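Asker: Below are the chains, spelled out letter by letter.
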Amino acid sequence: MSLQNPESRQPVLSVDNLTVRFNGAPANVVDGVSFSVQAGKTLAIVGESGCGKSVTSMALMGLLPATATVTASASRLLDEPLLGMPAERLLDVRGNRMAMIFQEPMTSLNPVFTIGEQIAESVMRHQGLARKAAMQRALQMLEHVRVPDARQRLDAYPHELSGGMRQRVMIAMALANDPKLIIADEPTTALDVTIQAQILALVSALQAQTGTSMILITHDLGVVAEVADEVMVMYAGQVVESGSVKTLFDDPQHPYTIGLMGSMPSIGPRQGRLATINGRVPTPAEMPSGCRFAGRCPFAISACREARPALLEVTEGHFAACIRAPLEQHLGASA
Amino acid sequence: MTLPEASLNPAPGLQGPILQSIAVSKHFSSETGLLQRKKPPVQAVNNVSLAVRRGETLALVGESGSGKSTLGRVLLNLLAPTAGDVIYEGRNLGNLSPQALRQVRRDLQIIFQDPFASLNPRMSVEAIVGEPIWLHRDTNRSARQDQVAELLRTVGLAPEHGSRYPHEFSGGQRQRIGIARALASEPRLILGDEPVSALDVSVQAQVVNLLEDLKHQFGLTLVIVAHGLAVIRHMSDRVAVMYLGEIVELAPVDALFETPFHPYTQALMAAIPVSHPDLRHSRPVLGGDMPSPSNPPSGCRFHTRCPHARPLCREVKPPLGTAEGERQVACHYWREVANAGAGSLRVPTPSAAYSQRLNLFESYQALSLEG
Chain A
1 MSLQNPESRQ
11 PVLSVDNLTV
21 RFNGAPANVV
31 DGVSFSVQAG
41 KTLAIVGESG
51 CGKSVTSMAL
61 MGLLPATATV
71 TASASRLLDE
81 PLLGMPAERL
91 LDVRGNRMAM
101 IFQEPMTSLN
111 PVFTIGEQIA
121 ESVMRHQGLA
131 RKAAMQRALQ
141 MLEHVRVPDA
151 RQRLDAYPHE
161 LSGGMRQRVM
171 IAMALANDPK
181 LIIADEPTTA
191 LDVTIQAQIL
201 ALVSALQAQT
211 GTSMILITHD
221 LGVVAEVADE
231 VMVMYAGQVV
241 ESGSVKTLFD
251 DPQHPYTIGL
261 MGSMPSIGPR
271 QGRLATINGR
281 VPTPAEMPSG
291 CRFAGRCPFA
301 ISACREARPA
311 LLEVTEGHFA
321 ACIRAPLEQH
331 LGASA
Chain B
336 MTLPEASLNP
346 APGLQGPILQ
356 SIAVSKHFSS
366 ETGLLQRKKP
376 PVQAVNNVSL
386 AVRRGETLAL
396 VGESGSGKST
406 LGRVLLNLLA
416 PTAGDVIYEG
426 RNLGNLSPQA
436 LRQVRRDLQI
446 IFQDPFASLN
456 PRMSVEAIVG
466 EPIWLHRDTN
476 RSARQDQVAE
486 LLRTVGLAPE
496 HGSRYPHEFS
506 GGQRQRIGIA
516 RALASEPRLI
526 LGDEPVSALD
536 VSVQAQVVNL
546 LEDLKHQFGL
556 TLVIVAHGLA
566 VIRHMSDRVA
576 VMYLGEIVEL
586 APVDALFETP
596 FHPYTQALMA
606 AIPVSHPDLR
616 HSRPVLGGDM
626 PSPSNPPSGC
636 RFHTRCPHAR
646 PLCREVKPPL
656 GTAEGERQVA
666 CHYWREVANA
676 GAGSLRVPTP
686 SAAYSQRLNL
696 FESYQALSLE
706 G
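Residue numbers (the numbering used here), protein chains in the order written: chain A, 1 to 335; chain B, 336 to 706.
Rather than coming from a laboratory, the hints here were simulated on the basis of the structure.
Please read these numbers as outputs of a predicted model, since none were measured by experiment.
Careful: at least some of the hints might be erroneous.
Which stretches of chain A does chain B cover? Using the computed rule of at least three CB atoms under 8 Å from a CB of chain B, they are [unchecked claim]:
#	segment
1	24-34
2	71-85
3	175-181
4	238-250
5	305-314
Mimicking SDA-like on lysine to any residue, the simulated pairs with C-alpha atoms at most 20 Å apart in a straight line are [said to hold, decoys possible]:
#	chain 1	residue 1	chain 2	residue 2
6	A	Lys246	B	Ala688
7	B	Lys374	B	Ser686
8	A	Lys246	B	Arg681
9	A	Lys180	A	Glu160
10	A	Lys246	B	His616
11	A	Lys180	A	Lys246
12	A	Lys180	A	Leu202
13	B	Lys374	B	Phe363
14	A	Lys246	B	Lys374
15	A	Lys41	B	Phe553
16	A	Lys246	B	Pro631
17	B	Lys550	B	Ser505
18	A	Lys41	A	Arg89
19	A	Lys246	B	Pro683
20	A	Lys180	A	Met58
21	A	Lys246	B	Ser686
22	A	Lys246	B	Leu614
Pulled from the structure, derived: some chain B residues nowhere near chain A, Cβ distances all over 12 Å [unchecked claim]:
#	residue
23	Lys374
24	Val377
25	Gly397
26	Leu413
27	Gly419
28	Asn455
29	Met458
30	Gln539
31	Val566
32	Ile567
33	Ile607
34	Arg662
35	Glu671
Even glycine gets a Cβ: it sits at the ideal position worked out from N, Cα and C.
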C-alpha cells in the first residue's frame, strides 16, 4: 500500500447491506451484500449462474426493471448516495462516472448505428461536445483500445466487426467519459482464449493508465487470478467469502470456495478426478433458511440449517460466512 | 504418410483406427441470386487427415471459426464432406447403403453443446432417451421403459425423472439427459461438441467425471471438440489443434502442453489465464483476429498472425509432418520455434491449507454419498 492521504483512501464505491427482491419471488435474489471498491483497484465478484452477481451489478447501475425492489442501508459513489438517486441525476452519472461493459457485445451494441455514432452519443450527452468533437473523441478512444484502422472502423456497423473488436468498442465506449468506476459483467466469457488474453491485457493497461476502479463479474477463477485485487465469492445471493485475491487462493475458508476451486481442472498434468459439488443451486422457491449452501455442503451440521452464518473476519480483511471454518480445526486434521 | 494404404485395407483389424478422415474438406457455398456476385465458399475444413484410435479420448481444439465442430460433424457423417473420405472400421461412409449407414449411426453418437437447445421441449425425458432404442432396436414398450430407467440411473438421474420435460431440469441435468440419449443406442464412439462449455464450473466437473466414468464402463472412444484448454488437458489422451480449417499440430496431451511446437499452439498456451495470482506475468499476446475462412491467407494460414513468419511461410503451405515420436506439426520452422520457449506453462503449487481442505472436502463428500 503506497502512502496516500486519507481523502484518497475513500472508496470509490461502497454499498452496505444491498438487497434485491423481485415482486412475488419467495426469496431475495441478492441478500444483504456489502462491499467497497478502492480507487484504482479491481474487485472481482465470483459465482455461478443464479448467485446474484449480475443482479448486483444491474442494481448498482439502476438497470433493473420496476418489478425489482432494491434496498441498501447505505450506498455511496464518490461523494453522493447512489441508490435512490433521482432519475435525472442517474442519467448524468451512468455512462459518465460509472460505466458498464456487458458480456455479449453483439446484443449490447445497437445494430443500426455505426460504432463512431454510438461512442460519440455518450460523449455528446455527458461532455456537451459538438458532434464533430465527439467523433474526434470516439476516434481517439478506438485508437486507445487498439482497434486497427480506427478511422475506417468509426463508420463500421457492429456486425462488421469480430467479437474481440466489438468488445474493444464496448470498452472504448465505457471509457470515453473517463469513468471512476467500470462494472464489467463477464467481459471475456464470450471470447476465444487468445482474444480473452488480448482484452484482459488491454483492460489492465488502461486501468493502470487511468486509475479507474473496476468491478469484474465473472465465473472464471482464471480471470480472477489474472486481474483481481479483491475477491468476493457469492452463492445464492449472499457473500460466502471475501478477501484479497492471494488470500482467497491460498487460504480459502468456505466449503463452497474450496469446492469451486477443486472443480476447476488444472492446466498442469492430470491429478485424478475433479472435485465436484453435489447437487445444484437452490431455486428461490426452495431457499433454505439457514446457510444457503448447507444442502450441498459435505460438512453441514444441524446448526448450519438453523441460522444464517455471519460473515466473520478470519484474518485481517478476510471474511468467511461458515461456522465450520477453519475446517481442519473443527474436523481434526485426520481425514 | 501411411493413411491412404490403411484405407485400402477392407478388413478392420483391432489395431487400426476406429474412425479416420482422409484428406477431408468441407466447403460451404452460399446460394447466390441471379444478379448477385458469386461469393467464395467458406472453407470450414480443408484437407484434414486424422485417425481416431480405438479407446482413446481425442480432443479437437481451436477457436471459433477453426472448423473443429464442422470436422466433428463430418467425422460422424452428419455433414457430407466436399472432398475426401471418412472411414469407420475400414468402411467408407461415403458409399454405404442406407441400411449399413443406419448401423453406423448407432455406433457414432453426439452430445451437443447447448442442453437448452438440443432437447425437444415437447418430448418427455423418457421419449427423448427412448427414441434411439425404439429406432434402432426391436423392443416392446415396457422393455424400453426399463432400459430408459437404467440409462437414467447410469447418468445419475432418478428413473422417476422420465415422465418430466426438459424445462424442468437444470443445465447440468439436461446435459445428463443428452448423454443418456447418446448412450441409448449402445454407441462405440461419442463425439462431445463442447459438452461442458455451457455449464457452471462445479456442474462442469460433474459432467466431465461422468463422461470419464462412462468411457471406462462402456469401453467408448471419445472425441471432444472444445475450446476450454484446462478441460482438454484433464480429459484427453491426444490433442489436435486446429486453425482456420486445418490441423496445425497433433500430439499426446502432456507433450503438447509442456512443449508446444507450433507457434499457434504456443500462443494458445500463453493465453491461458494463470491459475494463481502469484504467477501473473506479462506475456506475448497474439495480435489480430482469425482471417476469414472464405478467403484464407496464402501459404501457411497462420502467417498473418505468426510472430516467427518468414517469406517462405507466405508462399508455401507447410504440410502436417511427423515431428518427434508420434507428434505431428505443420510448420516450416518448428525446430527453431519450438525452442523459443514462448509457450511454457506455469503451474502453481497449491498452498498447504488449500490442499488439506480440499482433501477434507472430498473425503467428507465421499462419506456423505455413502451414508
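Asker: So, for every hint listed, does it hold in this structure?
Answerer: Each hint, compared with the structure:
1. 24-34: violated (count 0)
2. 71-85: With 0 residues in contact (Cβ-Cβ under 8 Å with chain B), the coverage given for the segment 71-85 of chain A is violated.
3. 175-181: violated (count 0)
4. 238-250: Three-residue rule met by the segment 238-250 of chain A, so holds; n is 4.
5. 305-314: Three-residue rule not met by the segment 305-314 of chain A, so violated; n is 0.
6. A:Lys246 <-> B:Ala688: Given that 20 Å is the threshold and the Cα spacing comes to 13 Å, the pair holds.
7. B:Lys374 <-> B:Ser686: Violated - the C-alpha atoms of B:Ser686 and B:Lys374 are around 56 Å apart, more than 20 Å.
8. A:Lys246 <-> B:Arg681: At roughly 16 Å apart (the allowed maximum being 20 Å), B:Arg681 and A:Lys246 satisfy the hint.
9. A:Lys180 <-> A:Glu160: The hint is violated at about 31 Å.
10. A:Lys246 <-> B:His616: Measuring from Cα to Cα gives roughly 15 Å; hence the hint holds.
11. A:Lys180 <-> A:Lys246: Distance ~25 Å between A:Lys180 and A:Lys246 Cα, so the pair is violated.
12. A:Lys180 <-> A:Leu202: 17 Å, holds
13. B:Lys374 <-> B:Phe363: Holds, at about 10 Å.
14. A:Lys246 <-> B:Lys374: 53 Å, violated
15. A:Lys41 <-> B:Phe553: 51 Å, violated
16. A:Lys246 <-> B:Pro631: Distance ~44 Å between A:Lys246 and B:Pro631 Cα, so the pair is violated.
17. B:Lys550 <-> B:Ser505: With a Cα-Cα distance of about 23 Å, the restraint between B:Lys550 and B:Ser505 is violated, given a limit of 20 Å.
18. A:Lys41 <-> A:Arg89: Measuring from Cα to Cα gives roughly 25 Å; hence the hint is violated.
19. A:Lys246 <-> B:Pro683: The hint holds at about 12 Å.
20. A:Lys180 <-> A:Met58: 17 Å, holds
21. A:Lys246 <-> B:Ser686: This hinted pair holds, its Cα atoms lying about 11 Å apart.
22. A:Lys246 <-> B:Leu614: Status holds; Cα separation ~11 Å.
23. Lys374: 16 Å, holds
24. Val377: Per Cβ check, B:Val377 is outside 12 Å of chain A; nearest 15 Å; holds.
25. Gly397: 9 Å, violated
26. Leu413: Label holds. Min Cβ-Cβ 24 Å, cutoff 12 Å.
27. Gly419: The claim holds: B:Gly419 sits with its nearest Cβ about 27 Å from chain A, beyond 12 Å.
28. Asn455: 23 Å, holds
29. Met458: 22 Å, holds
30. Gln539: 7 Å, violated
31. Val566: Violated, since 5 Å does not exceed 12 Å.
32. Ile567: Violated: least Cβ distance 9 Å, not greater than 12 Å.
33. Ile607: Answer for B:Ile607: violated, closest chain A Cβ roughly 6 Å.
34. Arg662: Holds, because the least Cβ-Cβ distance between B:Arg662 and chain A comes to about 17 Å, which exceeds 12 Å.
35. Glu671: 22 Å, holds
This entry does not satisfy hints 1, 2, 3, 5, 7, 9, 11, 14, 15, 16, 17, 18, 25, 30, 31, 32 and 33, going by the numbered hints stated previously.
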